[in-house]
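K.L.:
Next come the chains, spelled out residue by residue.
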Amino acid sequence: KNQVEQSPQSLIILEGKNCTLQCNYTVSPFSNLRWYKQDTGRGPVSLTIMTFSENTKSNGRYTATLDADTKQSSLHITASQLSDSASYICVVSLTAFSGGYNKLIFGAGTRLAVHP
Amino acid sequence: GAVVSQHPSWVICKSGTSVKIECRSLDFQATTMFWYRQFPKQSLMLMATSNEGSKATYEQGVEKDKFLINHASLTLSTLTVTSAHPEDSSFYICSAGRQRNTEAFFGQGTRLTVV
Chain Z
1 KNQVEQSPQS LIILEGKNCT LQCNYTVSPF SNLRWYKQDT GRGPVSLTIM
51 TFSENTKSNG RYTATLDADT KQSSLHITAS QLSDSASYIC VVSLTAFSGG
101 YNKLIFGAGT RLAVHP
Chain Y
117 GAVVSQHPSW VICKSGTSVK IECRSLDFQA TTMFWYRQFP KQSLMLMATS
167 NEGSKATYEQ GVEKDKFLIN HASLTLSTLT VTSAHPEDSS FYICSAGRQR
217 NTEAFFGQGT RLTVV
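Chains Z and Y are the protein sequences, given in the same order.
According to the working numbering, the residues represented by the first sequence are 1 to 116, in order.
According to the working numbering, the residues represented by the second sequence are 117 to 231, in order.
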């Protein structure tokens, strides 16, 4: 069964601290892995997208890693800011065989709260 | 990145009425758009795939007669919740991408409350 599991479910950190969010997946056939940030009441916004051959990608203070062998990914946030408070969703894309669009498998997300 | 716009951002309607939600790709053409529903503290659940000029493809368990999808042009898809009930209250989000295997861009979402 194609699944994406994220941990922790929720996390509270102090402003300025770093944190790492985890994503484990059992998805096949794998196309790419994406991290999204979703503010409350808003649609998800893309942070990073990685293919099988990429093992790290950065976007400002966000750095994502991918280990395709162990099927694990992490999102590291450096020097957190209050505006980082949001849900972070790991999404794995399956390769479509029929020429159609890739199917996306969503994790449940990690709810991050950054406190002053 | 590409911009996907949803309207309205929120809507409150009476039970039994219908509500239409629009999803537009502002700077690219999207032959396919996706509609999701998200309940509080849960992840996005795909409802249906909207195909320009043809019928939508619904996920298992989604009532196609209740959630009407129309993809009349390459930049506009609409989701109509017919005869809405309180249990239809949810956050509805659309997404679209330029090409099949590339980035999906999400709309801002529509908060539907049925009273």
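Heads up, a few of these hints could be off.
With a cut-off of at most 30 Å between alpha-carbon atoms, the simulated DSBU-like pairs for lysine-lysine come out as follows [claimed, not checked]: (1) Z:K57 - Y:K157; (2) Z:K103 - Y:K130; (3) Z:K1 - Y:K157.
For the record, the hints were derived by calculation from the structure and aren't laboratory data.
K.L.:
Under the criterion that the straight-line Cα-Cα distance not exceed 30 Å, is the pair K103 (chain Z), K130 (chain Y) satisfied?
P.N.:
violated, 34 Å
K.L.:
Within 30 Å, alpha carbon to alpha carbon, are K1 (chain Z) and K157 (chain Y)?
P.N.:
holds, 22 Å
K.L.:
Given the hint that K57 (chain Z) pairs with K157 (chain Y), does the C-alpha gap stay at or below 30 Å?
P.N.:
Answer holds: K57 (chain Z) to K157 (chain Y) is near 27 Å, not above 30 Å.
Of the numbered hints listed earlier, the single one contradicted by the structure is hint 2.
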